[in-house]
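So the sequences go chain by chain: U and C. The first sequence begins at 1 in the numbering used here and counts up one residue at a time. The second sequence begins at 1001 in the numbering used here and counts up one residue at a time.
Hints in this document: simulated from the structure, not taken from any laboratory. Values in this document were obtained by computation on a predicted structure and should not be read as measured data. Backbone N, C-alpha and C define an ideal beta-carbon position, used for all residues, glycine too. Hints are not guaranteed to be accurate.
[Stated by the list, open to error] Stretches of chain C that chain U covers, calculated by requiring three or more beta carbons in the stretch to come under 8 Å of a beta carbon on chain U:
id : segment
1  : 1019 to 1031
2  : 1089 to 1101
[Claimed, not checked] What follows is a list of derived Cβ distance ranges for each label pair:
id : chain 1 : residue 1 : chain 2 : residue 2 : range
3  : U       : Asp-587   : C       : Asn-1101  : 17 to 27 Å
4  : C       : Ser-1094  : U       : Leu-627   : 28 to 38 Å
5  : U       : Gly-594   : C       : Tyr-1057  : 26 to 36 Å
6  : U       : Ser-611   : C       : Ile-1034  : 44 to 54 Å
7  : C       : Val-1052  : U       : Glu-595   : 37 to 47 Å
8  : C       : Ser-1094  : U       : Arg-605   : 43 to 53 Å
9  : C       : Val-1099  : U       : Arg-579   : 34 to 44 Å
Each chain, letter by letter, is given below.
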Amino acid sequence: MIKLIGLVPILPLIGFLITGLFGRKLSKGITSIIACGSVLASFLISLAVFFEIKSSGEHAVTVNLFEWISSGKLHVSFSFLVDPLSSLFLLIITGVGFLIHVYSVGYMHNDEGFSRFFAYLNLFVFFMLLLVLGSNYLLMYVGWEGVGLCSYLLIGFWYKNTSYNNAAKKAFIMNRVGDLVFVLGIILIFVTFGSINYTEVFGLAKFHGTEPVITAITLLLFVGAVGKSAQLPLYTWLPDAMAGPTPVSALIHAATMVTAGIYMIARSNILYTLSPFTMSIVALVGVITSLFAAAIGLFQNDIKKVLAYSTVSQLGLMFLALGVGAYVTGVFHVMTHAFFKALLFLGAGSVIHAMSGEQDIRNMGGLKKYLPVTYWTFLLAALAISGVFPFAGFFSKDEILAKAFEHNKLLWFLGSIASAMTAFYMFRLLYLTFFGSFRGTKEQEHHVHESPKSMTIPLMVLAVLSVTGGFVGLPAVSGMPHLLEGFLEPVFADSDMKMFPSHISHETEITLMLTALSIAVIMIFLAYNFYIKQKKIPVAEGVEINPAQKVVYNKFYLDEFYNALVTKPLNRLSDIFYRFMELRFIDAIVNAIGELVKQSSKIVRLIQTGSIEFYLLMMVLSIALILFVK
Amino acid sequence: MNTLQHIPINLYILLSAVLFSIGVFGVLLRRNAIIIFMCVELMLNAVNLLLVAFSTYLSDAEGQVFVFFIMAVAAAEVAVGLAILTMIYRNTGSVDIEVLNKLKN
């Protein structure tokens, strides 16, 4: 079955080509069958590959498709690396991807860009699979850029809206900043090790790498991850990316693309483990982003923006896990997060769909009785992300905090605050959306309806996964095996020994768990108290709020800061160049040449008298002249 | 010996130069298109005369070959030229070249 691995990315590519080239001629039914079917087929193959890897006990299989680049010292083959890490990511991408494709059939059914949407979505799945399957950094980079492109195309999917286009451009440009540094990292890897193949690089790094160089490499790669995975200071594109259709937010900006940075670090774990300095930077950036975004999330009123900041915050927690060397835990949280965050986004999509495009939670409320399926699945996801036992988020988040505690108490403390805020804003969102009385217009109330089956079934499947997904990573104290750790062990074997010589005692572990759990429960009750008992509703736009709240509500003015620091000076500089270089210099030359031709032809045209006699005379004289001069 | 060969070559040159000049001045001074046309033919034949004269003088047949070519081309040119003249006359009612300035303005 591993021989068929090439089909996994190629099927969505074929789906893209068919829906992209012939989408206009195909009916919506056929388009959706092709788009969903190709991803489903990829999922089934991935499943088979996953079980084959699991049962055969082979650590890594490289499937070489062809020699891609061969130039001097550089040899890059187009080959796929199938190991526990990539096979797990394959399952997440194709599995969650398939559910979201099915959901999109219902969500986008009235959109005029139906086939274009599925074409982009399939293309995205292709690039994402390429990213995780590539057996060298260059192939990863191809996927890395490809998903960035698809993200751009899908954020700006409704291209007639200027602000959506600007959001798309912002996402693309901010990603480019990270990507540029990422490419520098790859070049440095090549210069240092003479290869960009994972196995060769890691093999060499273990014995020949010097720490300063490895630190430089890992820091450069990390900046790429910061861009792609929306960490401080490059995170501001992700909340804006919510301009895209909701399934896109679920697939690209929650479940898969933004976790590419996590995958990259997990994949390069050997390099990262060799550089303790980078590790502490990763952990620090992660935990600060997590706190920062969670704080912003507390005051957002757009249902998708809350989820976007929540995503940034959760990604921060994943980086925290990676930074303390708990690679398995980071990947574990990627997996559970993919389930519950995709579910939250799809649930939000269902709400938006029901509310005829309304996204402001101040205008919602009381939707519980209209949207029962959406409500229950959303509740399960909210419980999971808040870390309530025994939902998926509890296990992964608890594990992150436990590992952080082992490493550094301060990191644990900050991480705990972030996850406490998570519980609060998630239930704030839930209560404001589904409880209380309806605050929208009469027209909206009349229109409210539960979503079609194609949308609710993916919700239910994801809800089941959000509830049970955590059981693959039971904590040591339960006495049950940590299935995921066992499965991923070959990938991280070299790093784990170095990072965690000893494990914390069971008593501490239980205490930590109970602390985390009680914090989450307290936060949920606090939210209950605020928004159900006291029936508080966030103030409308323009009403005076206290300065501290105002700063957080305005996202710490980071966008304004970037605007003042980068965008405005750049615009000013362009303006200067426009006025001086463009108008005075380049335009002047072009105009002068034009003017010269015009003026000289004004003179020369006088010769054209129209009198044939004159022409004949000139002809004779000219011939005579030629003969004489010769 | 042919009597023609007793005439010195410079007389032939003179004759053809005179004929050629008549042609040139005819082209320049006359306004009737048919006369201009005939003057062009005159120039061609002046050249022909020069060619055959030198051909005989140098006992080289090459010049005569040229003459045949020129005559063939001139015949074709006459056919086309007269057709154009006919059309000009039909359209303007005259063969005066002064009226052929429609492209101006």
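Unsatisfied constraints (hint numbers, rising): Hint check: 3, 5, 6, 7, 8 and 9 fail, others pass.
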